[in-house]
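Model the full structure from these sequences, guided by the hints.
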Amino acid sequence: MSKIINNVVCPICGCLCDDLEVTVENNEIVKMKNGCAVCDAKMVHGYKSEERILKPLIRKDGKLIPVSMDEAIKKAAQILADAKYPLLFGWSSTVGEAQRIGVELAEELGSALDNCCSVCHGPSVMATQEIGIPAATLGQTRHRADLIVYWACNPWASHPRHVERYTAFTSGRFESSEWKNYMQRLKAASGRKKMEMASKRIARVEPPIKPKVCFTGPPPQMLEQKPGRKMIVVDVRKTMTAEIADYFLQIEPNRDYEVIEALRCLVTDQEIDVDKVGGIPIDTLRDVADAMMNCEFGVIYFGLGMTQSLGRFRNIEIAIALARDLNRKTKFVISPMRGHFNVTGANNVFAWQTGYPFAIDFSQGYPQFNPGENTAVDLLKRGDNDATLIIAADPGAHFPSVIMQNMMKHPLITINPDMNAISRLGDVVFPAQWCGIEYAGTAYRMDTVPITLKKVVEAPPGVLTDEELLSRILKEVRAIKIKRGEPVGQTEITPTHPDTTKPSPTHKTPAKPKQTKKTKERLK
Amino acid sequence: MITLTALRSFSVPVQAPCITPENFAGKSITEIKALPVTEGNCNVTLGDLFKLEQTPEETPNITLNGDLGKVKRVGQAMKSGEIVINGNIGMHTGEKMAGGKIVITGNAGGWTGSEMKKGTIEIHGDGGDYLASPYRGNDLGMKGGLITVDGNVGSDVGCHLKGGIIKIKGSAGRFLGYHMNDGVIYVEKDCDVRTGACMVGGKIVVGGTLEILPSFTIDSIKPKVKVDNITSVTGPFYVFLGDLSEHGTGKLFVNKSANSALKFYEKYL
Chain A
1 MSKIINNVVC
11 PICGCLCDDL
21 EVTVENNEIV
31 KMKNGCAVCD
41 AKMVHGYKSE
51 ERILKPLIRK
61 DGKLIPVSMD
71 EAIKKAAQIL
81 ADAKYPLLFG
91 WSSTVGEAQR
101 IGVELAEELG
111 SALDNCCSVC
121 HGPSVMATQE
131 IGIPAATLGQ
141 TRHRADLIVY
151 WACNPWASHP
161 RHVERYTAFT
171 SGRFESSEWK
181 NYMQRLKAAS
191 GRKKMEMASK
201 RIARVEPPIK
211 PKVCFTGPPP
221 QMLEQKPGRK
231 MIVVDVRKTM
241 TAEIADYFLQ
251 IEPNRDYEVI
261 EALRCLVTDQ
271 EIDVDKVGGI
281 PIDTLRDVAD
291 AMMNCEFGVI
301 YFGLGMTQSL
311 GRFRNIEIAI
321 ALARDLNRKT
331 KFVISPMRGH
341 FNVTGANNVF
351 AWQTGYPFAI
361 DFSQGYPQFN
371 PGENTAVDLL
381 KRGDNDATLI
391 IAADPGAHFP
401 SVIMQNMMKH
411 PLITINPDMN
421 AISRLGDVVF
431 PAQWCGIEYA
441 GTAYRMDTVP
451 ITLKKVVEAP
461 PGVLTDEELL
471 SRILKEVRAI
481 KIKRGEPVGQ
491 TEITPTHPDT
501 TKPSPTHKTP
511 AKPKQTKKTK
521 ERLK
Chain B
1 MITLTALRSF
11 SVPVQAPCIT
21 PENFAGKSIT
31 EIKALPVTEG
41 NCNVTLGDLF
51 KLEQTPEETP
61 NITLNGDLGK
71 VKRVGQAMKS
81 GEIVINGNIG
91 MHTGEKMAGG
101 KIVITGNAGG
111 WTGSEMKKGT
121 IEIHGDGGDY
131 LASPYRGNDL
141 GMKGGLITVD
151 GNVGSDVGCH
161 LKGGIIKIKG
171 SAGRFLGYHM
181 NDGVIYVEKD
191 CDVRTGACMV
201 GGKIVVGGTL
211 EILPSFTIDS
221 IKPKVKVDNI
231 TSVTGPFYVF
241 LGDLSEHGTG
251 KLFVNKSANS
261 ALKFYEKYL
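As you go down the protein sequences, you meet chains A and B in turn. The first sequence begins at 1 in our numbering and counts up by one. The second sequence begins at 1 in our numbering and counts up by one.
These aren't lab readings, by the way, just hints derived from the structure by calculation. It is possible that some hints are incorrect.
[Said to hold, decoys possible] Using C-beta positions, here's what the derived DEER-type ranges look like:
1) 224(B) to 296(A): 49 to 55 Å
2) 208(B) to 190(A): 52 to 58 Å
3) 135(A) to 249(B): 27 to 33 Å
4) 222(B) to 408(A): 54 to 60 Å
[Claimed, not checked] Derived DSS-like pairs (lysine-lysine); straight-line CA-CA distance at most 25 Å:
5) 84(A) to 51(B)
6) 189(B) to 79(B)
7) 276(A) to 51(B)
8) 276(A) to 263(B)
Everything numeric in this text was worked out from a predicted model, so none of it was measured. We put the beta carbon where it would ideally sit given N, CA and C, even for glycine.
The following block contains the structure:
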C-alpha cells in the first residue's frame, strides 16, 4: 500500500527545502517529487545503503565484532570516562535535540566539543563575532533582492535549489523571476556555439587561446540598464553558477581580500594607486561597485572559497565591512551558504547552551572558546586529546592524513548510520537512524530559521536515535563517576522523542485548556 | 628562586595560570606544591607535575625546565618579577601581563602577551600566531610594554595594537598589525601578504619585502625611521598611509632597496 506524505523537509543541505512530496511503499521511499538530484540520491536511494550498520560493533583483535547495545554503551562510557581530555566532534548532520544532550555529555566529561563548522563556515561565525552581520532571512531575499552576488560559491552544485527557491529564478512579491531571460540567453548561446563550430569546420582556423581572466555576460555598466533581478558571480573558475549569471568576475585565487578591499575603497570614494587588483582592472571593479550601490536591495552569498582560502575569517570580516559600507548608500545584506543541513543548528544549540558556537573546551569545568586552540583539526594536529567520539560526520574521508594518524593513536567511538570511512576505523561503532527520514527533530536553515524535520519511514529494529543513544551513554558515564565518588551533573535526562514508533510530540495538537466557570460566564 | 622541572612530558594540555611571581611570593615549597593546576580535565597540584627546588638567588624569581610545549597560561596577569623558561612553552604565556619580565629561550605558543599592558617578553626562538593579539571578538589589544622575538612569527601578530613595541628579527606572517590603532611593530626581514590591513594608526617598519594592499596610498620617501628611543633604522623607506577603507592614518615604512616592485608608486610623489 502506498502512502503520499506532503511537505517533507529535505535533510541534505542548508536550504532545508520543505516542499518535498514523498511516496512510501512497504516502509520504503519509492518516489520523491520537487527535490533536487542530491536530495533524490539520499532520500530515495542513499538511505537504503547496503553498508548500513544494524548492530553495534566493538573491535576485538583488530576485527569489528557485533555485540549487544548495552555492552557497546558500557564500553564507550568507560573509554570516555577514563580519558583525560576526550574530543567530541561532528554534530552537523544530527538534530538539535541530540546536540543538546551532546553538550551535556561534554560538560560531564570535561572534554573538547567541536562541530563540522570549524572546517567549513566557522570563519563566518568568527567574523560575525568580530564585526557583527547585516543579515536577512531567505524569504526577504526571495521577495526583495534585485542584486544577488554569489562570491566564491557554486550553488548550482552544492545548493541546487537555492537560486530557484530564494534568489534569481523565483517570483517574489516585489521582484519577478529571471528564468525566462536565462532560457532565452541559453538558446542564443547554443545557437552562437553552433555557428562558431560550423564556421570553424569551414575555415579550419585554430581556436583562439582563452585569456587568463575571462568575462561573460554584458559589461557591468550595462547591469544598471538591465531590468529585473541581476546576478553577479565572483569565483576563481567558471562554474555552472557562473554560466547562469548576468556577470561573471574571474579573480586570481586567494585574492578575495584584496578585491573586496578595493571595492570598499571605491564605495567610500577613495582613490586607488594600482591599475589592477586580483587580476581585475580597477575600471571594471568601479562598474561592479556602481552596480552594487545603485541596487534597491542587494545580497552577497559567500561560500567555502572565501572561508577556507588564504585569510579565512578576515576575508569574511572584510566582506561584512563591505556590506556595512554599502548600507550607507542602499540596503545590502550578506549571508553564508551553510553546507550540512543542521550545521547552523549545531552553532545555535551550542551557543544557547554554552555561550559559544563551536571550539569549546570544558576541561576547566566551565566553557572556554578559542578557535585555533580547541578546534578539532588544531587539537588533533598537536595530539592533545586521548579519546575521540565522532557523531554524524565523516572526518575519515575529509581530514588530513596527519590528523587522522593522531586520532588513531587513541580509542575512537563512532555514531553513524552507515559504514563510512570513519566507522571502519572505529573501536566502538554504533548504528544510528537517518534523521529527517527515520526520526523527527529540529534543524536550522542557513538563515537560522528552525524547521521541524519529519519522520517518513520506520527505522530498522534495535537502532536507537542519536538523542536516546547519547542519553544512555551520558547515564552510564554518570554511573561510572558516582562509583568513583566524583561529583556529577544534576540534570535529569528526558529525551524529547524516547519512543521512535510513536509520532513526535511536536506534531501533537495541544490539549484545549479546561474552561472554568468564570470563563464560561464571560463567553456567555 | 624557585626552579620547576617537569616530571614527564605531558600528553594532554596543562593549564597553569598559578605560575606567577606574585603567587609564589611568601609561600613555602609545600604551599607552592599544593597550588592547583589542571591536566586535561583532571584537577591536580603543581607538585604532581613538577619537581620544585628553592635556591637563594633572587633573580629570576621562577625558572621552568623540561618539555613545556603543552603548558598554557604561565605568567598570566603577572605584575612584577621575572620568569625564565628554558625551552618551548605553550599558549597564552604572559596573557594580560601588567609588569615584570618573561624570557623564553625556545619557541612560544599562540596568544603570547595577549592583552598585555606593561612589562617585557623576550622570545629567543620563534613567536607563534596571534602574538600580542587579543582574545576572539575583543578589540583590546596590547596597550604597552615590549616584546622582542629573535626568530620568525606567525600570522595575525599585533592585532588591535593600542600601544607598546614589538620587535621581530625574523619574518612575519600575514595580517601583521591588523586593525592596529597605535604602537610600533618592527620586522627586520620579510612580511607575508596583507600587512597593516584595516590599520587606523600606529607604525609598521619592514626591512624586507612586502606586498602593499590596494587600500594604501604612498605619502613620501624618508631616509630613516625611529622605532623607539634607542633604535632608529636607516633606509630609505617608502611611507604608505592607510588603511583608506577604514579612513585610517597608519604609517607603513617599507625598505626601498628591498622592494623594487614598488617603484611604480614613485610616480604619484
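Outcome of the hint check:
no., hint, in the structure
1, 224(B) to 296(A): 49 to 55 Å, "holds (53 Å)"
2, 208(B) to 190(A): 52 to 58 Å, "holds (53 Å)"
3, 135(A) to 249(B): 27 to 33 Å, "holds (32 Å)"
4, 222(B) to 408(A): 54 to 60 Å, "holds (56 Å)"
5, 84(A) to 51(B), "holds (22 Å)"
6, 189(B) to 79(B), "violated (32 Å)"
7, 276(A) to 51(B), "violated (61 Å)"
8, 276(A) to 263(B), "holds (16 Å)"
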